[in-house]
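**Q** Each chain is listed here by its residues.
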Amino acid sequence: MMRATVCLLTATTLLGGCVTANIDEMTFDAPVAGMGEGSIVILGRRHAPDYDTEPDFIDCIGGHVSRGDAGISVIPERQFIDSLYPWFEPRTAPLSIESVDRLMTVPSVANKLGELDLQYMIWIDGRTEDTNSSGSMTCGVGPTGAGCFGFGTWGTESEYEATIWNFGEGSEVGRMSAQTSGQSYMPAVVVPIPIIAPVQDTACESLGNQLLQYLSAEF
Amino acid sequence: MVERLLDLTTLGRKAKSALALNCLLILAACSSREVVVEGTFPTPVVDPVPVSVGVLFTKEFREHELVDDATGRGEASWRVSTGVAQVDFWSTLLPAFFQNVVFIESYEDLNTYDVDAVFIPEVVDVQYAIPLYTNVKVYEIWMRYQLSLVEPEQLKDDENQAITTENAQPFVQWPLTAYGKTPTAFLQSDTDAVNEAAVMALRDAGANFITSFGRVPGVLDWVANPEETQ
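Protein chains in written order, with our numbering: chain A, 892 to 1110; chain B, 12 to 241.
These are computed hints drawn from the structure, not numbers from a lab.
Heads up, some of the hints might be wrong.
Said to hold, decoys possible - Some chain B residues near chain A, calculated using beta-carbon distances under 8 Å:
| hint | residue |
| --- | --- |
| 1 | Glu116 |
| 2 | Pro194 |
| 3 | Thr195 |
| 4 | Asp215 |
| 5 | Ile221 |
| 6 | Gly225 |
What the hints assert, rightly or not - Chain A is faced by these chain B residues, among others (derived, beta-carbon under 7 Å):
| hint | residue |
| --- | --- |
| 7 | Pro53 |
| 8 | Pro55 |
| 9 | Val56 |
| 10 | Asp58 |
| 11 | Val147 |
Backbone N, C-alpha and C fix where the C-beta goes; we use that ideal spot for every residue, glycine too.
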């Protein structure tokens, strides 16, 4: 009985809810032999009034790109923003590559960007949010033990767009997007068993793969 | 996941009683929230303005705090102390922004240091919003400052050998607004989120100060001729 319960728990924990992903891409001037020397930075947009692009999502994409091609140097977002304070704060962050040209007229900023040897700046805009939820669960505690019974479900949607700026050429060279959605479930027979749809992780992987295809010769 | 489970849960009677008792204890402990804002602030990347400035942080500025007492059932009282963080932040920003900066702490400092002007920041207003009140999943902080540039001579109270700001007439004075927000996050407490929003607001204050300084009426003339303009 105990063994069966453990097996059931392991199996259901390993199961993920289903995720649907739509990816789209429009790029120009991809580096044929990979981006070579230099570094990239991936930054989240944070100027919308009701949401911020999640920092952990930006870290996830950066990690995915670094793991995919060890030759690509990814500058961590927080380190980049702090080292160029205050020019990449929500109030001051450039919204177009033309604004970067204006920023480069400040000598200390131009020097700092030169030190970083930045080849590409990638902006990510979007968010993940829960949508509908339904179901109910009853939990009880008694002298003989505690347990839950019921079923709950909720949906999650992610929508992100990446914009790639080529620093050397001073131009926007591509846009990529990933829209993912999924339904998570939590049945409970004594113990609640979460079956989580990895919606944001799928969006991270999708965008990360698209970026690798653009920047890396190995991918 | 735990959050989701709690959302979905309907408890039995005994469990409800136990939970109600726990909630009462928790509410009694959590009816007041206190935040002493703390964070790390980067040195700005700017080309320094070629003037020599004294910086005076008044007692009110050093000890600034927002106090908001609860007015209704289910609300919590808030005390957000920003003074220490304000001093920390402006002490990092100003020495990088002006070519020479000294911090004025006594009457003797005013006599010792030869500065073109004394910069005095003042926090006029701080407001906050949390998801409980707005139904938007972000914590927000607004700050409004009044910034002044004053002749050093005007701050001297020779009779009492002290600094006074009472009769000082700034030759340049301007308002500055700042805004910071942080989204809700699972397992993040209200106080942590408000602290993070306040740090973002301070960073925004610096960004606004640096990018708008040259557009303040009278500032460019003063920078061009620091001694004549006053």
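**Q** So, for every hint listed, does it hold in this structure?
**A** We went through each hint and held it up to the structure:
Here the hint on B/Glu116 is broken, as its CB sits about 27 Å from the closest CB of chain A, past 8 Å. The interface hint given for B/Pro194 holds, since its Cβ lies 5 Å from the closest Cβ of chain A, which is under the 8 Å cut-off. Evaluation of the B/Thr195 hint against chain A yields a violated restraint, the C-beta minimum of about 10 Å exceeding 8 Å. Given hint, B/Asp215 at the interface with chain A, holds; its Cβ is 6 Å from that chain's nearest Cβ, closer than 8 Å.
Because the beta carbon of B/Ile221 sits about 6 Å from the nearest beta carbon in chain A, less than 8 Å, this interface hint is met. Given hint, B/Gly225 at the interface with chain A, is violated; its Cβ is 12 Å from that chain's nearest Cβ, farther than 8 Å. Interface restraint check: B/Pro53 against chain A, minimum CB-CB distance 4 Å, threshold 7 Å, status holds. At a threshold of 7 Å, the smallest CB-CB gap from B/Pro55 to chain A is about 5 Å, leaving the interface hint in force.
The beta carbon of B/Val56 is positioned within 7 Å of a beta carbon in chain A (closest approach about 5 Å), and the interface hint is therefore held. With its C-beta approaching chain A no nearer than about 5 Å, B/Asp58 sits inside the 7 Å limit, and its interface hint holds. Interface restraint check: B/Val147 against chain A, minimum CB-CB distance 6 Å, threshold 7 Å, status holds.
When the structure is compared with the earlier hints, violations turn up for hints 1, 3 and 6 and for no others.
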